[in-house]
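Student: Protein chains in written order, with UniProt numbering: chain P, 1 to 146; chain L, 1 to 146; chain R, 1 to 146; chain B, 1 to 146; chain X, 1 to 146; chain D, 1 to 146; chain U, 1 to 146; chain E, 1 to 146; chain C, 1 to 146; chain H, 1 to 146.
What the hints contain is simulated information worked out from the structure, not anything from laboratory work.
Hints are not guaranteed to be accurate.
As the list claims (entries may be wrong) - To be clear about the criterion: a stretch of chain X counts as covered by chain B if any three or more of its residues have a C-beta under 8 Å from a C-beta of chain B, and this derived list gives those stretches:
hint : stretch
1    : 12–18
2    : 43–55
3    : 105–111
4    : 115–126
Here a beta-carbon is modelled for each residue, glycine too, at the ideal position from N, C-alpha and C.
Protein chains: 10
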Amino acid sequence: MKKIHVTELIIEKKRTAGLTWEKIAADIGMSEVFTTSACLGMNAFPRDKADLLVRNLGLPQEAALVLAEFPTKIFSQAVPTDPCVYRLYEIVAVYGDTIKELINEKFGNGIMSAIDFDMEIDRIPSPKGDRVELKMRGKYLAYNAW
Amino acid sequence: MKKIHVTELIIEKKRTAGLTWEKIAADIGMSEVFTTSACLGMNAFPRDKADLLVRNLGLPQEAALVLAEFPTKIFSQAVPTDPCVYRLYEIVAVYGDTIKELINEKFGNGIMSAIDFDMEIDRIPSPKGDRVELKMRGKYLAYNAW
Amino acid sequence: MKKIHVTELIIEKKRTAGLTWEKIAADIGMSEVFTTSACLGMNAFPRDKADLLVRNLGLPQEAALVLAEFPTKIFSQAVPTDPCVYRLYEIVAVYGDTIKELINEKFGNGIMSAIDFDMEIDRIPSPKGDRVELKMRGKYLAYNAW
Amino acid sequence: MKKIHVTELIIEKKRTAGLTWEKIAADIGMSEVFTTSACLGMNAFPRDKADLLVRNLGLPQEAALVLAEFPTKIFSQAVPTDPCVYRLYEIVAVYGDTIKELINEKFGNGIMSAIDFDMEIDRIPSPKGDRVELKMRGKYLAYNAW
Amino acid sequence: MKKIHVTELIIEKKRTAGLTWEKIAADIGMSEVFTTSACLGMNAFPRDKADLLVRNLGLPQEAALVLAEFPTKIFSQAVPTDPCVYRLYEIVAVYGDTIKELINEKFGNGIMSAIDFDMEIDRIPSPKGDRVELKMRGKYLAYNAW
Amino acid sequence: MKKIHVTELIIEKKRTAGLTWEKIAADIGMSEVFTTSACLGMNAFPRDKADLLVRNLGLPQEAALVLAEFPTKIFSQAVPTDPCVYRLYEIVAVYGDTIKELINEKFGNGIMSAIDFDMEIDRIPSPKGDRVELKMRGKYLAYNAW
Amino acid sequence: MKKIHVTELIIEKKRTAGLTWEKIAADIGMSEVFTTSACLGMNAFPRDKADLLVRNLGLPQEAALVLAEFPTKIFSQAVPTDPCVYRLYEIVAVYGDTIKELINEKFGNGIMSAIDFDMEIDRIPSPKGDRVELKMRGKYLAYNAW
Amino acid sequence: MKKIHVTELIIEKKRTAGLTWEKIAADIGMSEVFTTSACLGMNAFPRDKADLLVRNLGLPQEAALVLAEFPTKIFSQAVPTDPCVYRLYEIVAVYGDTIKELINEKFGNGIMSAIDFDMEIDRIPSPKGDRVELKMRGKYLAYNAW
Amino acid sequence: MKKIHVTELIIEKKRTAGLTWEKIAADIGMSEVFTTSACLGMNAFPRDKADLLVRNLGLPQEAALVLAEFPTKIFSQAVPTDPCVYRLYEIVAVYGDTIKELINEKFGNGIMSAIDFDMEIDRIPSPKGDRVELKMRGKYLAYNAW
Amino acid sequence: MKKIHVTELIIEKKRTAGLTWEKIAADIGMSEVFTTSACLGMNAFPRDKADLLVRNLGLPQEAALVLAEFPTKIFSQAVPTDPCVYRLYEIVAVYGDTIKELINEKFGNGIMSAIDFDMEIDRIPSPKGDRVELKMRGKYLAYNAW
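Okay, chain P solo, but in the shape it has when bound:
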C-alpha cells in the first residue's frame, strides 16, 4: 500500500459518504489545508492524527502507517496546466521579484521558508463578487555568512 492508494480510498469514501474536507479536517482537529494536502499525499500526518483519520473514515489500519510516512514530493510538470493551479504559478512568476524585494526590505537577506510553513484559504464576501483569500506564512530564514 502506497500513499497514492490511500488517497484513492479517501477520495472514494469522501464521495460516497458526502463528506467535505472541512469536516474531515475538523474531525481530527487539524486545519483544512494541511489535512487536504496530507490526504493528497503531499504531507505526513502525525501518527495520532493518522490513526484518528483512519478510524473516522473506516479505512484499513495499514493506511495510518502510510499516512504518517514521509512523502517524496514529485511534481511532474514544470508548468502546471490546470487553470486553477496555473493562475497561482502565474502569480509567482509575475510577483516573484516583487516579493523578494519586499522580504529583503522588511527582513534582510533571506527567504520565506516553504518547510516551516502554514497556509489557510478563506472566502471573502464582496458585493462585486466574492474573493478567494490565500494566507501563507513561513518562517523567515536568513542567509548565513561564514
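Starting from the known structure of chain P, fit chains L, R, B, X, D, U, E, C and H onto it as the hints suggest.
Tutor: Structure of chains L, R, B, X, D, U, E, C and H alone, referenced to chain P:
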C-alpha cells in the same frame, strides 16, 4: 525608452537616495506590492500615479508615459532559480491541488483570478523567529456552461 | 470510475449508435462545444444535464456523478502535434500579440477570460471552399491596481 | 532595415501621434487585425498598402519594401507567458480536441487552415460585464488520400 | 479496438504471410506511402478501401471501421531518434529556410500544404550506389490579407 | 567576416539589384537549392563557384573564402515555428515511420543519406491549384554488421 | 514477441548460464560490440547469425526472426544519466568541434558515417591503471554539391 | 581577454597563414586532438606549450596566460545539431549501453574516465572509401564501496 | 527479478521489522550511505555483502545476485522536485563555480571524482538547532594533456 | 555597476596581482568558500567585509555597495555542463534519495537548509591519490503540521 530603462532609473534613484519601496509607495498613495511590481515593469500605473511617482523621484517626464503603458509580461524560466522565488514555486507545486480542492469546495467549479487580484506582505513577529505573511486575494471566477 | 472511463463509454456508444455530437448536445439542450468538451472530460456538466445525458445514452448512473465533477485539466504536450490542433496553436502564436494590442485598445489593461467563456463552431459556405468559423467570447477582466 | 526596426518606428509614431490601430487600419482600408499583425512583423502587406501606410505615418520609403516582404515567423516560447496570450493558449489546449471532433463531424477528415485565414476582434456589450469576441475563419482543408 | 491494435494485427499478418507494403497497397489500389501510413495509424482509409484491406488480410470486420476513423496524430519526440527518421529531420532543419525562400520566389507568400499532400518513394539505380528518392507534392496555399 | 555577414551582403545585393535565387544560381551553373542553401550559410561552395558568385554580385574578395569554408550547421529550435518550415517538420513526423518501412522494404536495413544528398523544388501546375514539388535524393547507406 | 522480449530472454540466459558477451559473440563468429548491441535491440543480426545465436542459447525459434528484423532505435533521454554513458556524451560535447575540425582538415567537407560504422573495445594494461580503449571507424561521407 | 578571443585570433592567423592543426600541434610537440581542443577553449595548455604557441603564431603575450587557464566547459545544446557532431552523439546513444556492458565485463563495475583521457583521429585508406578512425583511451575508474 | 523489486522487498521488510538503515548497514559491516544507496538500486554490493544482507533480512537468494549486479543509474528529472533533494541541487547550482575555483586552486586543473567517491551524513548538535552535515570525499582527477 | 562587473574587476585584480582565494578570504577574515561565492556574485558580503575587501583589492568604493547587495541567483542550465560541476550534480542525482532517507531517519520529516548553510573544501592527502573533501552543514528544518 522602455519599461526596463525606467526600472533601472528607479532602482538607481532608490539606492542613491536611500529610499525604500515602502516610502515610494506611501508617497503616491498606493500599496507596496503594487508599486514595487509596477516599478519592476510587471504592472501599469494609473496615469496620475505615474506622474506623481516621476515627480517624486525626479525622473524624466517620458517615464510617466512608459510606466502607464500596458506591460507584456515575459518570464523566461519555467522553473525560477533564485531561492526566494523558487520556494514560492515549490509551494504552488506542493499545495496546488489542495488549493484547487478547497476553492471547489468553498465556491464551486472555478478559480481565483490572477487579474482581478491584490496581495500584501507583512512581517509577523514570533518568539520562534519572525514569519513572512503573504495575503493574496483574487476574485472568484466560475466556469461557464452554455 | 474516472472521467476517462466515462469518455470511453460515450465514444463507444456514439459510434455504435451512430450518434453525432450535434444530436447528443441538442438532446440535453446544451451547446455542441460545451457538450463535446464536457464529454471529453474538460468541463463539468451541471448535475441535471449529466443525469439527462446518462439517461439518453444508457450509461450507468455513476457516470452522471463523474460527469458533474470538477475536472483537473491536464494537457501533456506544450506544443500540440495533431495538425488540426497545431494550427490553432500556431494562430495563437502568430496573432497573440495582435490580439493583446487590440484588447488593450478596445477595453483597457486586461484580458479575455478563459473561464467565463463560451465558443461556437460553424460551417460557412463559400464558393472558393467552405470555411470553418470559430467564435470565442470571454468576459473582459481588467487588471487591478491597489 | 529589418521588420523589427519598422515595427519600432510604427510603435513610436503611434504613441507620439496618439494614433490607434483602428485608425491606422482604416486609413489604408484594411482590417484592424491584419494591419496590426503586419505592423508587428507577422504578416506581409500588399505592396500598395505598404506604400500607403508609410506615407500616412511619414516613415522612410525603405520601410514600405520591408513591410511587403515575406516574414519569417519565429515565436520563441513554447508556452506564452503574458497572461492575455496565455489564456488563448489555454483555450486551445482545453478545447483543441473538441474543435477537432466538431470539424471532423461538420466537414470530414481535415483541418481549418491557418494560412487562408482571417480574424476579427469585437467588443460585445453585456450588463454582466462586456465580452471580448474573437471570430476566426479559415478555409477547410481535406486530407488527401492517394 | 483502437488504431494501435489494428496496426499490430496488420504487422503480424504481414510478417506471418510474408507480405510487403507494396503488395498490400497494390491489392487495394492505393499508393504504397498512403497505405503504409494509414496502416500505421497516421491516416484514415476511405471506407471502401478499409473494407477491402480487412477482407484481403482476414482481419476482424471492426478493424475496417477503425481504419476509416480520423486519427489523432501524436508524435512524442520533438527530435526523432531513429537514424533513418532523424536524417529527414536534419534535412528539414538544414534546408528549411532554403525551401521557404524558393517557395516564396516561385509562388509568392505562402506555404506547401501538409494536408492536401501526397508523396512517393522510389529506388533510383546508380553506379555509385543506388539512391532513395522522395517526391513530395503539396498544394500551394497563399496567405490571406484582409 | 563570418558566414552570417556574407549572407547579409548577398540578401541586400539581391534585394537592391532585383535578383532571384534562380538567376544567381544559373549564373554560377549550380542548382537553385544548393546555391540558396550555401548563400544562407548551410553549405560550402566549391572554391571556383564561390569566386564566380563573388564576382557576379560584386562582393568583397574575402567573401569567397568564407563561402568556401565548411559551415557549422546550428539550428536553434527543436520544433521550427515558421509555418512554411513547420509543415515540413510535420510531414517528417507523420510520415517518418512510413518512409523507414518503405526504405527497409526496397533497400534493406539502412537509411537515406542526408550528406550525399540533393534536392530540387518545382512548381507543378494544376487546375485545382498549383502544387509545390520537393524531390529529395540521397544515397542509400546500409548498416554495417561486423 | 518484440525485440525487448528477446533481449530479456538473452540477459536471463546469459546470467543463469554464466555466459559472457565475449563468448556469445565468439560462438557466432561476430564481434563483441556488434553482438552485444544487436542483443540489446540496437542492431539487426544477419539471418544466419540470428539462427545460430538462437540455437546456441536455446531460445524459441521465433526469436531468430525478431533478432533479424530492422530495429527502430529510440533513445529516450537527450542527456544520458548513467555515469558510464554520460562520460561518452561529455566527450562528444567537449571534443565534438575538435573532431569536426580534424575530419575537415584530413578529408574535406564531410562527416564520419554512423551507419557504415564499426567499433571495438579493448583493455589496455598500464602501470598507472589500465585504460579502456574505444576504437571507432566509420566511412568518410563527403557533402554533395550540385 | 578571454578564451573566446584567443580562439578567434588563432583561427584568423591559421586562415591567413594557411596553417593546419597538424602543423600547429607539431610545432609545439603536442598531439593534434589536444592542441585543437585547447585552441578551441576546451582544454588548458601547460604553460610552456602556451608560451611556445603564442610565439609561433605571433599572438600577444597575454594570450599565453589565457591559454593556460582552466576552462569552464559550457555546451549549450543538449542535442548537437551539426551533422558531423550529431553522428557522434547518435553513436553514443545507440552504443552506450553496449559499451557499458563490455566495460563492466572486461573491468568490473566502473567507467572510462573522460578526464584522464586521450584521443586520436586517423585516416584509414580503404578501397571502398577511406574511413575515419577515432581512438579514445580513458583510465578505468572503479566504483568505490565503503 | 530486477533491482526495483529487491528494493521494494527491502523497504517492506524494513518497515514491518522496524529496522533502520543504520542497523541494516551495521549488520553487514558497511557504511550507512553506501548501504542505503545500494539498497535503493544506485550501487552494487560486493557479492559477500549481498549474501549477508539477504540472509539478515530473509530475502530470496536470487536477490543477492541482483544486489551485486552493476546498476544502470537512471534519474528521470533534470531538476529534482522533492524539497529535500532540491535543496542539494540548489547548493550545487549556487556553489558549483565556487567549488570549481577552489579545487583548481588547491589541486590544479581537474575534478573531484564521483566514482572513486564516498560520503557520510551526521547530526551535529547545536543550541540554535541541530545541523545536518554531509561529508563527501572523491579522488582528485587531473585532466590529461597529450 | 552590477555584481557581474565587480566580479570581473576582482578576477582581473586576482590574476594580475597573483592572488589566491585563500589569501583574499584570509585578509578579510572570512572563509574561502563564502568569500569566493560572494565574489562570484552568489552571496552578499556583510557591509564591513565588503569595505575591507574593496580596500584590500583597490577597487572603486561603489563596489562595496554592490558586494553587500542581495543577489538574484540565476543559474541558466538545468543540467550543468562543466565536468567539475556536473559531477556534483550527478552525486545529488545518485545519492539524493539516500540522503533524504538518512535525514529522515536521523532527524524526522524535514530537510537540510540551503540558506542557513555553510561549507568548506579541503585537500585530504592519500597515498592512492589525494582526495577532495566537501563538508556541507545546513540547519535541520522540520516540516510544519497545523
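Student: For every hint, state whether the structure bears it out.
Tutor: Cross-check of the supplied hints:
Only residues whose beta carbon comes within less than 8 Å of a beta carbon in chain B count, and the stretch 12–18 of chain X has 0; fewer than three means the coverage is violated. Counting residues of the stretch 43–55 of chain X whose CB falls under 8 Å from any CB of chain B gives 5; the rule of at least 3 is met. With 3 residues having a Cβ less than 8 Å from any Cβ of chain B, the stretch 105–111 of chain X passes the three-residue criterion, so the hint holds. A stretch counts as covered by a chain when three or more of its residues have a beta carbon under 8 Å from one of that chain; for the stretch 115–126 of chain X and chain B the count is 4, and the coverage holds.
Hint check: a violation occurs at hint 1 only; the rest are consistent with the structure.
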